[in-house]
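Here the protein sequences line up with chains A and B, keeping their order. In case it helps, the working numbering puts the first sequence at residues 1 to 160. In case it helps, the working numbering puts the second sequence at residues 1001 to 1289.
All the pointers check out, no bait thrown in.
Label pairs and their in silico Cβ distance ranges:
(1) B:Ala1252 x A:Asp142: 43 to 51 Å
(2) A:Cys101 x B:Ala1252: 45 to 53 Å
(3) A:Leu18 x B:Glu1190: 36 to 44 Å
DSSO-like cross-link-like pairs, simulated, lysine-lysine; straight-line CA separation at most 27 Å:
(4) A:Lys3 x B:Lys1054
(5) B:Lys1269 x B:Lys1150
(6) B:Lys1150 x B:Lys1054
(7) B:Lys1054 x B:Lys1141
(8) A:Lys3 x B:Lys1055
(9) B:Lys1276 x B:Lys1150
What the hints contain is simulated information worked out from the structure, not anything from laboratory work. Predicted, not measured: the structure shown is a model, and the values here were computed from it. Just so you know, even glycine gets a beta-carbon here, dropped at the ideal spot from N, CA and C.
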Amino acid sequence: MAKTHVSTTINGEPVEFLCDPTQSLLDVLRDNLGLTGSKEGCGSGDCGACSVTLDNRLVCSCLILAPEAEGHSIRTIEGMAQGDQLHPLQQKFVELAALQCGICTPGFLVASKALLDRNPDPTETEIRYWLAGNLCRCTGYDKIIRAVMEVAADMREAAR
Amino acid sequence: MMNDVRYMAPSTLDEAAGALAAANGAGRILAGGTDLLVQMRAGVVSPGVIIDVKKIAEMTTIEAVGGGFRIGAAVSGAVVGEHAALRQAWPGVVEAINLIGSKQIQGRASAGGNLCNASPAADSVPALVAAAATVTIHGPKGRREVPVEKIHAGPGRTTLERGEIVVSFTLPPRAPGSADAYLRLIPRTEMDIAVVGCGVNLTVQGGTCTSARVGLGAVAPTVLLVEDAAQALIGSRLDDKALDAAAAACRAVCKPINDKRGTIAYRTKIAGVLLKRATAIALERAGRH
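Between the sequences and the hints, there should be enough to build the whole structure, so can you do that?
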């Protein structure tokens, strides 16, 4: 079976890859490109562990065929820190222990960043609804929500 | 997933419809993929060719036309929700589309996909039925235009013919004093499948309801247009008597399943409750226009 050639942009860098027509974007990220930060939880769009952005839109990479990435811009958890400098959300998740086993964490971080990029001043309710598509089975959501709220407040303060 | 599958992303509808017809039942349209990929992974469908329609401009844009709107069938829920003029004119349609799945799902899932997946519990469909939306279909024999309530044939089945593709939805112009609303009942607060869904679309002039349409979901094999409920509302001042009659009309058409989400008796009762609540929301919104 012929492989499909795809040209795309991942975390700002041009990337080309070969894939099977029905391979998911998540599988290509993890297996072909070695970007293993995005996780597969459910493989059916329910858990959000595979969250990435496609043209700045939050999506589940398990529900995208890799050939659909042609010509689009994808951002993954690997593009979040600047070198050794953690993104404020990553830093705050560490400080507030907003993670335990960590499988859901990349998805929560990508989703939270997508929210704050759009809405720098979300209410707690808005954050909870926005993150309803990300499931965590160990930390409990409260610490995660607190972390996002604190980062939003810090970033607004810094922007003054 | 299987490997003997072809992926194509044509830029014209003729090409897409031709490929779909040529696939002879083994073709699948890919819009947001939030149902198709799940079904492929579960082995429920195994297409020979996947036709991605997101490079077809007519299917991926929203336009204001003739006082109404044309919504491309593959436009994502997120894009629908960000369209201020559409939200203003059709808040019920927009809230129904935006109830489908999480933010991640909203980034991809489309009203066209929701319709063609043909779940009786599809959230966008009762609201589109109440809105008197029509669907533009493009196929090998040309184009046709049908009311949205004519598309569902049963769970997972549509009235589309071989090679036909749902291109767009058209929402009609709005009379002053018009508004719509959609409500669904789910046991959680977010991310679940409707136990019952109800869309109500009203025009209210001088306190009297002059036109109404009601769509009901998840209470029969297909989403229903409940004309008797609309008739009970039209001409009334939307008082308790009219609402009771409309709720009774909704209960009367219910032929729901019994499952873990709700019993027959529960779904039937809730259909009437949601009718009243959605009507109250639509009425309140209509007063602001």
